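With chain U's structure known, arrange chain G on it following the hints.
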Amino acid sequence: MAHTEWKDAPGLPDFSLLKRLARDQLIFLLEQLPGKKDLFIDADLMSPLDRIANVTILKQHEVDKLYKVELKPIFVLMFTDLVNADKVAGRFRRYKIIFTPQKFYACETVLEEQGVYGDVTTDEWNFYILPLDDDILSLELPEFFRDNFLEGDQRWVTTAGSALRLLQSVYGSFSKVYGIGRCAKMVYESWRELMEDGEQRTRQPEFAKVFLVDRDVDFVTPLCSQVVYEGLVDDLFRIKCGSVEFGPDVTSSDKSIKVMLNSQDKVFSEIRNEHFSNVFGFLSQKAKNLQTAYDKRRGMDIQQMKAFVADELKGLKQEHRLLSLHIGASESMMKKKTKQDFQELLKTEHSLLEGFEIRECITYIEEHINRQVSMIDSLRLLCLLSITENGLLSKDYRSLKAQYLQSYGIEHLLTFANLRQLGLLEEQQAGETLTVMESKVGKLVNDKTVGKLTDAFSSLAKKSNFRALSKRLALVPKSGEEYDLRVPRDMAYVFSGAYIPLSCKLIEQVLERDGWTGMEEVTRMLNGQEFAVTEARSKTDAQRIVLVMFLGGCTFSEISALRFLGKERGCRFIVVTTAITNSSRLLEALLDNSA
Amino acid sequence: MLCCYSQLKESKRAVNSILVDEDEDEDDVERVSWSGEPVGSISWSVKETASSIRSGSEQSFPKIDTTPSLSKQGSGYSLSSLSIDFVSDLSPEETVRRMQKGRPFSLEKFRSLQDKLLLLDEAVAVYDGNVITAVLIFLKKSLSKEILFRELMARDVALRHYVHYLKEMGEQKLLLMHYKEHLNIKDEGRRRDFLKSCLSLPFSQDDATHVQDHYTLLERQIIIEADAEIFKKFPRKASILNMPIITTLYYSCFYHYGESEGTFSSPSNIRKTFRISEKQYILTALGARAKLKSWFDVDSLFNTKNWLGYTKKKSPIGFHRVVDILHKNSAPVQVLQEYVNLIDDPDLKLSGALKYKCHDVVINTYRDLKDRQQLIVYREKLERDSPEYRKIQELLNNVQIRWKN
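If you read the sequences in order, they're chains U and G.
Here the first sequence stands for residues 1 to 595, where the numbers follow full-length UniProt numbering.
Here the second sequence stands for residues 1 to 405, where the numbers follow full-length UniProt numbering.
Same shape as in the complex, but just chain U (with noise of 0.2 Å):
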């Protein structure tokens, strides 16, 4: 049942390497300022940083206060302030500041204008990648996916590929990059530029192949609701690089824990890819299993005993704990999802990627929003119903958007126009005879028939990229057929077997093929920018680990998703991503209602 151990599975790279580059790196840097030193860290590092080099690291380097900064776009202004008032103050001390992962013109413009340019060295610490687990490295730039894709700045291309130089650098050259996206080509260019300055390397890569794809080739995913246990508890919980804060609802006191949630939690690493309908079953045999272990206890002699505690005690009351925490949590998930009617939301969600009764999903969105359920879903759900159908009837659309300003308020305009500049949400472009169609037929019937009567008129005239897409390479299971979520078929179990993740469906089908043959069709509906580049002969063991870099964000559902198509094919995936994402943080970055 659970996916992630299998035999004859190649291992994994030792990516423990790049931690400790980075932290030698970070401590070269320290060492820069000799003496007692104050840290005052960007707030979003914090999680970063404490993965590298803990505090006794630091303060084995002289570091001797920390202090966490919140406001990050006037960081540096903050900074100025601090000298100037210690220049008031009359207080002498030396500044400098490290800019991670990488330096741009931009600040120290800023340092220039703010007259304190002189006042302090700058400094680059190279941290590009955090390994948040054996198979995930992540570049914790969850503002790539605003800055790339919305404000059309690339500032993050050398970035991402100074992230795959350095992956080379240390784990070999890569034989053969595949990828589709125009920052998918941009990272390529970089990445091979900045290998043009530097030495070639001679020695055995452990990963041959490469596949970069932008998060904008598939923004459906993304956006459904997920259902593998790992999903859920980052949908749910939030899990922030590598860990996540359970309440009291969940440790069943009035704590909180924070716990780290990767491989090592062996519990974890059992039910992390499961359908959430097999964890129960999972956790109850677990406990079953658990007593049976402990029991051995009684009719154990002394020397039995001894053996007992020594080996087997620690790893018993590990797992007890673990088990407590993860039921803890899944009763939580059962009893927050129960009560926002998660099954009736889904079958609104597998309606839309079906295709299938859309009218009657508009109106299950028109009340959720006027029930004001949720900003965020509420929207979550406008973008999959525009980007399923391809856009939204331009009734539908200006209805739907004055509905949503009326119940979650006005200052959403501007989100609504990122949204659109992105193709998340839209208006159709419908021929004029359609439009005037519908409004004579409108005048002649009663609003349900209409309704239907838009859905036959619609489905004449749109050309749907997604709704071709999804046939053409076949996302959507045919439904009538029962889906066997204990035993999965193929990817589609990581959102309850009505749908395969295209991105994942993408990267399935160019490796078969090794490249874009015979994808002709399916790379037009993706607007081109597709490719496949041969760089060098490899060792044959090293094509069996396939790096896939996501630039924009790459979900859990999709990791997991991989996970299974690894296993399928005899080969093991390794993501890298600029970071991780759910449909909340992917929302989150387009929103501007706040000052």
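Hints were generated in silico from the structure; no laboratory data involved.
Heads up, a few of these hints could be off.
Below, in silico cross-link-like pairs of lysine to aspartate or glutamate (EDC-like), each with a Cα-Cα straight-line distance of 20 Å or less [stated by the list, open to error]:
id: 1; chain 1: G; residue 1: 145; chain 2: U; residue 2: 31
id: 2; chain 1: G; residue 1: 145; chain 2: U; residue 2: 113
id: 3; chain 1: G; residue 1: 109; chain 2: U; residue 2: 112
id: 4; chain 1: G; residue 1: 145; chain 2: U; residue 2: 153
The structure displayed is predicted, hence computed values, not measured ones.
Below, chain G alone, put in the same frame as chain U:
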């Protein structure tokens, strides 16, 4: 997923009941501080530092002054510099003169905010629209949108030129960003005035309506709040300032229900002004009156007279939804039962009745379906001597009914 709930309970029981005989030493459990952070982590250390500061031992953290202060430093150019590139060392005044005369000029050297604004003010002072526009284009490229708009707010003429420029370029998004500036204005009166000033901007037709609504809404909210203050009729803990329209409507249905359409605070006025759909209105009013347990008001929401003059119950939202909302507001079973009875769809009606324990409806439904077995099953869920139990008994004993099973 529901069927797995029992498994969950079972596993929970199993885990909690695992008996541990001796209380072994707490060897390797990760030590966690009171705030939930692992001891020794950086987040924990920061919290420790912060709390020691709060206890007054260290100087407080310097406050961040977010407004760019113009007086802070000098401009980014030097009059006395003997640069070969003479053109770029001109003052704002000289630069504007050159621009007016069509001579070559360079704006790149105006890097600091202060210089940029001097340039703009100078352009405005000579009343040359062409020059103003040229400067604005430069500013648009070299200043963040937020700062540009903030400065333009204080300069009418420049703003008008900018708007004109935007009209020609059709940049809706920039207009919206200007509109967004209202969020930086804390005082509601000034914010209302700012929104009013946005009304003349060339938004798209739809967006213009929304901005108009926004202004009208805030204007009314200010008045409603002021009145509430004066009359002290209603608790002040919930302020409706800057709340969305629907929230305002809810507030109105809560505190001002039944007021005449003439007052800004009445639900009917809000409904009309903001063109709220019947469906939305009923949903909101239902929520508010149900919360107050005004079942009579709830009832009136659904009354309509048919063409014969008889009162009928009608709802633009399904009655199963109405029941759901009533239930969430802890409506008594008698009330729930009334609306469950109104559900059209027989399956929804039965499931609703079962869910909310409307015994009479359940019994009547099974009776109408002539389903004897289900009645027997249902009877077992009831209390022995309750009227419902006896009702079932009577039905079962009724020889005239032709049961289907």
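Do the alpha carbons of residue 145 (chain G) and residue 153 (chain U) lie within 20 Å of each other, as the hint requires? Holds, at about 15 Å.
Pair hint outcome, residue 145 (chain G) versus residue 31 (chain U) [Cα-Cα no greater than 20 Å]: violated (40 Å)
Given hint residue 112 (chain U) paired with residue 109 (chain G) - CA-CA distance at most 20 Å: holds (14 Å)
Hint consistency between residue 145 (chain G) and residue 113 (chain U) [alpha-carbon to alpha-carbon, up to 20 Å]: holds (18 Å)
Hint compliance for this structure: hint 1 alone is broken.
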